[in-house]
Each structure stands twice: as C-alpha cells, then as structure tokens.
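> Given next are the chains, with one letter for each unit.
Protein chains: 2
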Amino acid sequence: MLEMRKPIPVSDAIAKVINHTCQNTTEYIPLSESYGYTLAEPIIAQQDVPHFNRSAYDGFAIRSADSVGATGMNRIPFRVIDHIGAGHVAKVALAEGEAVRIMTGAAMPTHADAVVMLEQAVVTEQGFTIRKPFEPHENVSLQGEDACQGEELIPAGGFIHPGTIALLATFGYTQVRVTKKPIVGILATGTELLDTFDDLVPGKIRNSNGPMIAAQLARLGVESRSYGMLADDMDACYETVVRALRETDCLITTGGVSVGDYDYLPTIYERLGAEVLFNKVSMRPGSVTTAAVANGQLLFGLSGNPSACFTGFELFVRPALNKMMGSQKLYLPYEKAVLTEDFSKANPFTRFIRAVYRSTPQGATVTPAGFNKSNAVSSIARGNALIVLPGGSAGYEAGDEVDVLVLGVEEGTAEWLL
Amino acid sequence: MLEMRKPIPVSDAIAKVINHTCQNTTEYIPLSESYGYTLAEPIIAQQDVPHFNRSAYDGFAIRSADSVGATGMNRIPFRVIDHIGAGHVAKVALAEGEAVRIMTGAAMPTHADAVVMLEQAVVTEQGFTIRKPFEPHENVSLQGEDACQGEELIPAGGFIHPGTIALLATFGYTQVRVTKKPIVGILATGTELLDTFDDLVPGKIRNSNGPMIAAQLARLGVESRSYGMLADDMDACYETVVRALRETDCLITTGGVSVGDYDYLPTIYERLGAEVLFNKVSMRPGSVTTAAVANGQLLFGLSGNPSACFTGFELFVRPALNKMMGSQKLYLPYEKAVLTEDFSKANPFTRFIRAVYRSTPQGATVTPAGFNKSNAVSSIARGNALIVLPGGSAGYEAGDEVDVLVLGVEEGTAEWLL
Chain W
1 MLEMRKPIPV
11 SDAIAKVINH
21 TCQNTTEYIP
31 LSESYGYTLA
41 EPIIAQQDVP
51 HFNRSAYDGF
61 AIRSADSVGA
71 TGMNRIPFRV
81 IDHIGAGHVA
91 KVALAEGEAV
101 RIMTGAAMPT
111 HADAVVMLEQ
121 AVVTEQGFTI
131 RKPFEPHENV
141 SLQGEDACQG
151 EELIPAGGFI
161 HPGTIALLAT
171 FGYTQVRVTK
181 KPIVGILATG
191 TELLDTFDDL
201 VPGKIRNSNG
211 PMIAAQLARL
221 GVESRSYGML
231 ADDMDACYET
241 VVRALRETDC
251 LITTGGVSVG
261 DYDYLPTIYE
271 RLGAEVLFNK
281 VSMRPGSVTT
291 AAVANGQLLF
301 GLSGNPSACF
311 TGFELFVRPA
321 LNKMMGSQKL
331 YLPYEKAVLT
341 EDFSKANPFT
351 RFIRAVYRST
361 PQGATVTPAG
371 FNKSNAVSSI
381 ARGNALIVLP
391 GGSAGYEAGD
401 EVDVLVLGVE
411 EGTAEWLL
Chain Z
1 MLEMRKPIPV
11 SDAIAKVINH
21 TCQNTTEYIP
31 LSESYGYTLA
41 EPIIAQQDVP
51 HFNRSAYDGF
61 AIRSADSVGA
71 TGMNRIPFRV
81 IDHIGAGHVA
91 KVALAEGEAV
101 RIMTGAAMPT
111 HADAVVMLEQ
121 AVVTEQGFTI
131 RKPFEPHENV
141 SLQGEDACQG
151 EELIPAGGFI
161 HPGTIALLAT
171 FGYTQVRVTK
181 KPIVGILATG
191 TELLDTFDDL
201 VPGKIRNSNG
211 PMIAAQLARL
221 GVESRSYGML
231 ADDMDACYET
241 VVRALRETDC
251 LITTGGVSVG
261 DYDYLPTIYE
271 RLGAEVLFNK
281 VSMRPGSVTT
291 AAVANGQLLF
301 GLSGNPSACF
311 TGFELFVRPA
321 LNKMMGSQKL
331 YLPYEKAVLT
341 EDFSKANPFT
351 RFIRAVYRST
361 PQGATVTPAG
371 FNKSNAVSSI
381 ARGNALIVLP
391 GGSAGYEAGD
401 EVDVLVLGVE
411 EGTAEWLL
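Line by line, the protein sequences give chains W and Z. Under our numbering, think of the first position of the first sequence as 1, with each following residue one higher. Under our numbering, think of the first position of the second sequence as 1, with each following residue one higher.
There's no promise every hint is true.
To be verified - What follows is a list of derived Cβ distance ranges for each label pair:
#1 Asp400(Z) - Thr267(W): 56 to 64 Å
#2 Ala414(W) - Gln149(Z): 26 to 34 Å
#3 Lys345(Z) - Glu275(W): 51 to 59 Å
#4 Glu119(W) - Gly391(Z): 42 to 50 Å
#5 Glu397(Z) - Gly296(W): 35 to 43 Å
#6 Glu119(W) - Lys345(Z): 15 to 23 Å
#7 Phe197(Z) - Val201(W): 54 to 62 Å
#8 Asp199(W) - Gly72(Z): 43 to 51 Å
Said to hold, decoys possible - For lysine to aspartate or glutamate, the following EDC-like pairs were computed, each having C-alpha atoms within a straight-line distance of at most 16 Å:
#9 Lys329(Z) - Glu415(W)
#10 Lys6(Z) - Glu119(W)
#11 Lys323(W) - Glu415(Z)
#12 Lys16(W) - Glu415(Z)
#13 Lys16(Z) - Glu415(W)
#14 Lys180(W) - Glu119(W)
#15 Lys373(Z) - Glu145(W)
#16 Lys329(W) - Glu138(Z)
#17 Lys132(W) - Glu151(W)
#18 Lys373(W) - Glu138(Z)
#19 Lys280(W) - Glu96(W)
#20 Lys373(Z) - Glu96(W)
#21 Lys373(W) - Glu145(Z)
#22 Lys323(Z) - Glu415(W)
Just so you know, these hints were derived from the structure itself, not from any lab. Think of the CB as a built atom: it goes at the ideal place given N, C-alpha and C, for glycine as much as any other residue.
So here's chain W without its partners, still in its complex pose (with noise of 0.2 Å):
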C-alpha cells in the first residue's frame, strides 16, 4: 500500500519548524570565546564614548579663544607649558597663551578646549606660532560623541562579531551572557553506506552526507555528535535515534525518509510519538524532507540524496539553529543575479539550483554549478549559493534576473575591484 503524501510549500514548511524551535537558555562565557555566538542581553554603554575630552592628533592643546584673529600676516605665539601622551592627563590648567604638547587620546588639560595639529604649527624656541583661528572642540574627540552612558547600543539577539567584541571590551565585560549553543546529532542510514575508509565494493558508496552535515553545522559554528552509520535495521535504528535525542539537542538523519520498503523513519517517529510536520515539501531536490517534534526535540529526516541532504539542511536546519542560539537574523542571505546560461528545465515544484554567484561593480551573476540532479555530489562542491526558481515557472535564459540565496559566505572575490 503507497502512502500518498501531500507537499506543502517550503515557506510553510520553514514556518512549521520555526514555530515549534525554541530558543535555548543562557550562559556567560569569556569574552575571548563570544565570537559566533549571539548577546544574551543588549549592550548598554556603561560610560561614556570617549569618556572624557580627548585630542584627536598629535599637537598642541590650547585655549580657542586665543587664537581668535590669527592670519597667515598675523601669527600668534604659545608657550608650550607641559608635554603628554596617550594615557597622561596634564598637571596643570590652560592659561591665556599657553598651550600643552599632547598626543593622539591623550585627555585635554583643564581650559583646553582646541588642538593645533602638529602641521599646522610652526615651532619656535618658546613654543609655536599658528596663521588660523581655532574653532572650540577643533580637533578635539568629545565625551560621549560616540555613545552616550545609560544608551542601548546592541539589542539582545546581536550576533557577536568582530566591532561587538571591541565595545563588549571597551565596557570591560570580561564575561558575557550569550544564548546556548546547540549540540547536534548526526545519523546516517541505509545498507548501502560505507564509510570514508571504506574500500568501494558493487552496490555500495561512501557515506558522504555525514561529514558534509558536520561542515555544516561547522560553519554556524554548532558542535555534532556522529551516530555513524546504520543499516536499514528498525530496532537498532530506533535505539540510535532513543540515544541520541537523550544526548543531543536536535537530531539531523540521512535517508529512510521515503516510501520505500527499507525506509524505518515514518515508523520510528510513530513509535516515538513525534508529531511529524511536514513529509513532502513542493521542491526539487528535497521533496522527501521531513521534520518532526518529539517532547519538544527537532527530528530532520534529510534526503540521503546528497543535493538533496545538502539544500534540506540549509533550508530548514540551519534557521532552527540560528533560532536555537538566539539569532534574529535566521535566513540564508538573499542577493539577485542574472543567470549566464539558460536553464531550460521546469518543474512545478520550486527549484533549488546549486551554482556560483558572482559580484562585480559590472553586476552579480550566477551560473549553475553543473550535474543537477538531487543526488549530485560535484555540484555542491563547486557551488557557492543557490538559485531560486520558483514553482511552476517556464524555463529561463541566459540574461534573465533570478533570486539568488548566498552559501558560500567564508569566500571572498578573486580581484580587488575598486
């Protein structure tokens, strides 16, 4: 007896797993590890930026009131009176005349409110001459220009990235409270995997799906644990996955997900009582893609077709992870591009085509990545994104404008270009 399945549509499909995703609970962690992770709490300024006046260049600090009327045919002297650095704060206050040598941050002295950049004086035996007038706060960074004590400046949610890490460290956290990273357990299924080492026998292939999921996950910068591999055995396959939703967060298997007589994974989301959410999305490749929820934990049955098991991850899993770790941002990043060749073939579910996209200041474009079928292997390799053709759409050609979702984020161009 077939089983008829009814497709839903991948937006719906990616609603579904999103509204059963919680987001995990916090923890501090050092600083120095926080890259990758997302705030916890926002990042409120706890001083001003910069908190306190400083000199932007290496010059003279002086009062702007004495320089009013100074030309180029009437230079007016300072006596320089004191010399700090970066670090230093001045011993003594500004009085008419008198200018202190300071340096780039260095805080300015008491009644300095303008800095001479060391170009723009000319040193004499007593000190230096200037040909200009000198705004007040010329040449001088003033406290909180840059942010105001108290002022929220990253919400919770923000992924930690580099500038993160630098205003995390100017308000001396040494700690910060981050959103949990999730751990992830990786199975693969069905008799005819073999592993890396493996020799090749007939009828058999190396298990690629596996590594490629931990890469994956690897770039969200998410921990996995391998099940390995199991043959299309029921009890041992629900053993496995029992194990591995008691040691994981989330379960991401490979294959059994179809109609076919060795495929367990139907019947062992019964057993487990998991609400299935979706097992037949409206796209190539992936059709197969399941996701289901037992007491509160994700389940991913992927494709064992490797296109298929690489665009269902990027798809589905890797937005319930970022929500996991806290993210707002969950998507994969989305450019437009015109396609270089034709791409004939329709299809009226929507397509997911892997492919090299390309950014110039002459214009984006993007080419199919070669062999498209959803159980590929050379084309995920090659590619850097997907093309998006939507369901039901004729073919395309050569010239027309096409969504594009970007993969290939850790790469940058071949040529500087500007």
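Following the hints, position chain Z against chain W.
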C-alpha cells in the same frame, strides 16, 4: 622635525602587501578537521560517480524493451523475481517479462535498464502491470553521470566547504592535503591602554583593538597569540616584537605608527632592518596604516583608533592571510547597494564607512552605521559592511548607488523572502 609621508592609493597598498606575501607550506589533516582550509591539491575523481548504474527511485527494475506497446488499454504484466534494497546486488539477471523490486540507490540488476516507480505500477498477485512504455535509462542514475574517473573536479586553492567535504568523502579521502594556516601575533601599544578587567581611570581607555583583531582572525579561521599591551616604551616594545616574530608567522601591532612623540613603530622597523612597504594610504579612516617586511615576515602596523584599526585589518591583513592560506579569493565580497540617507562629507581620500547592508528581492540598501570617525567603536559593532566612496568625490545623496564590501557574512537575513 615633522616627517612628511606620501600617501599611496589603497589598491597600490594592497598590491604591495600581496606581492610580499608567500603561500604557506602544506600538510595533511583529517577530513573531519578540514573545513575552512584550502585544498593544496586538486580533487580528481577517484572513481566514476555514481560508480554503477543505480535506481533513482523506489520501484521495479525492468528491461525497457519489455515495456514497448504498454498503454492504459493494454497493460503489460511483469513477474517480480527478486527484491533488493540499496547496498545489495541482485543475484539473477532479468529475462523477458521479469522485474526486480528495487529501492533508490540500489545497483541495477543485469539486463535491467529502466525503473518503474512504485506509483507507476499496479501491483498484482504475480507482480505488477504498467500502462506506458519506458525509455532505456528512464529513472536510472547512470554510472559517471555526475563525474568521470580521472576528471579534475575542484582545482587546488579551492576553499574547503561542506560540499567539498562531501566530494572528498565520496572519493575516500580520510586525510586532505591543505595549505597550513598561519599563527598571527597581536600586540597593542599605547600608555593609555587598560585591560578589559581594569577599572577606568582618567585619561585611560580599555584596549578594544586586541580582542577585536583576535575575533577578526577567528572569523578567518586563523589562530592568534596575544602579546598583550605595551606602554609606549621603545626597548620593551622592540624586544616583544622580536619575540613575537620568532613565535608567529605574522605580527599585527596597533597604535604607535603615526608621527607622535611616542610612536615608536617606525624606529622599531628600522632596528629590525625591515622594509617599510607603505606608511600612509590615501584612505579614511586608517591613513596611517603601515606594512613592513622583516626577513620575509609581514608586520602590520594598524592605527590605534578602533575604526581605523578594523578597516586596516579587513583591507590589508585579510587578503595577506588568505594568500598565506593558499586561497584564490583574497578580498572582501563586493555588492552594489542604494544609499538610504545622505552622506555629505567629501574627502580627497577614499572613504570606508561602516554601514548596515541589507539585500531583499526589492533591492539592496546600505545605511551608514552611525558615528563615523576613526576613533568610533559603536559603529563597528552596528555595521556589517563598508561603504566605499572614491576619493575626491562630492557628497552622496539618498538613492545613489554605491560600492559595498560585505563584512558580516556570518549572518543571514531576518525574514524568509521567497
């Protein structure tokens, strides 16, 4: 005596750095740890992919010749003589009118050349019937259709991402030859610097550049070693620089590269016998960015101002490290976007403005990330991109199209847009 420095264009400065950067030697590492490295040798197909003719679906393997003439009115019957799952091989060859029940990925039995999908068959007592003829190879994945043995699939220098790992696993690579990653030293200079855990005192600020650079390196997958913070003390600074050069592949210092009284880096370069590649770049912020080479090792002297330091890293250090790691794609990803607000400040130098880039099907926009001086830190935290405005250009207005370099590539988008 004020030293006069001649600024060089950004692209010239980048070219100088790259011309003085050597690729690291290679090493073998386990496949499971290879994500983020670059391939030191091309991936050559070690076998055909698939390496045997496989069923593309769950169904029945038949001889297509036996299906000729099948219609709804003239259903052709088949006897099922065997039953194989993926990973197994049929024991017998097909004779006329015979079929083997077969699962996705299983090797085609001898003489079988087409697969009837389960939903295309009506099951009977003896087997099943079909109502249409099947072409040779219909529903079959042919040996070598994805890749042929001996074919070069990915050239040396390719970034190892999840798809690359899937391909390497397919060919049985347990170890991968990659280009070694550098270890980079970080040394912050400046008497004004406090550690993250220090309380603020008048005239001093916490070191934000050191933690920020460590995170910029982490974003590239590069290990860093901190040499802490040094007061503006010439001899101590020199000793630490010498030690750092001995212990790392490349050294980044912050501060001390301008023309102030405590800017010792120029003297240190001299004592090291280093060749200074440039010490002034026609860019804002970061015009004092310096690069030097001592005994083949690169030294980057970044500004002590956070925004200038950040920009100097992304423009010059990032491509150099990428080249050391064997990458072919050294530079920040490029995008074009529409400015959402006026940016009136013109400058003779090329400007790099920290900004928020957002791309949607309605277009890509970019918005300056707030306070925009070289000492700014909050805008680095808010931004995920750099707007690039050519030197000498007048101000820009909302609606103008501008060049953008994308930094925050770890993050995606907040909404599913398709």
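> It remains to establish, for every hint, whether it holds in the given structure.
Quick rundown of the hints versus the structure:
no.: 1; hint: Asp400(Z) - Thr267(W): 56 to 64 Å; result: holds, 60 Å
no.: 2; hint: Ala414(W) - Gln149(Z): 26 to 34 Å; result: holds, 29 Å
no.: 3; hint: Lys345(Z) - Glu275(W): 51 to 59 Å; result: holds, 56 Å
no.: 4; hint: Glu119(W) - Gly391(Z): 42 to 50 Å; result: violated, 19 Å
no.: 5; hint: Glu397(Z) - Gly296(W): 35 to 43 Å; result: violated, 51 Å
no.: 6; hint: Glu119(W) - Lys345(Z): 15 to 23 Å; result: holds, 21 Å
no.: 7; hint: Phe197(Z) - Val201(W): 54 to 62 Å; result: holds, 59 Å
no.: 8; hint: Asp199(W) - Gly72(Z): 43 to 51 Å; result: holds, 47 Å
no.: 9; hint: Lys329(Z) - Glu415(W); result: holds, 7 Å
no.: 10; hint: Lys6(Z) - Glu119(W); result: holds, 14 Å
no.: 11; hint: Lys323(W) - Glu415(Z); result: holds, 12 Å
no.: 12; hint: Lys16(W) - Glu415(Z); result: holds, 14 Å
no.: 13; hint: Lys16(Z) - Glu415(W); result: holds, 14 Å
no.: 14; hint: Lys180(W) - Glu119(W); result: violated, 52 Å
no.: 15; hint: Lys373(Z) - Glu145(W); result: holds, 10 Å
no.: 16; hint: Lys329(W) - Glu138(Z); result: violated, 42 Å
no.: 17; hint: Lys132(W) - Glu151(W); result: violated, 37 Å
no.: 18; hint: Lys373(W) - Glu138(Z); result: holds, 14 Å
no.: 19; hint: Lys280(W) - Glu96(W); result: violated, 82 Å
no.: 20; hint: Lys373(Z) - Glu96(W); result: violated, 30 Å
no.: 21; hint: Lys373(W) - Glu145(Z); result: holds, 10 Å
no.: 22; hint: Lys323(Z) - Glu415(W); result: holds, 12 Å
Checked against the numbered hints given earlier, the structure breaks hints 4, 5, 14, 16, 17, 19, 20 and satisfies all the rest.
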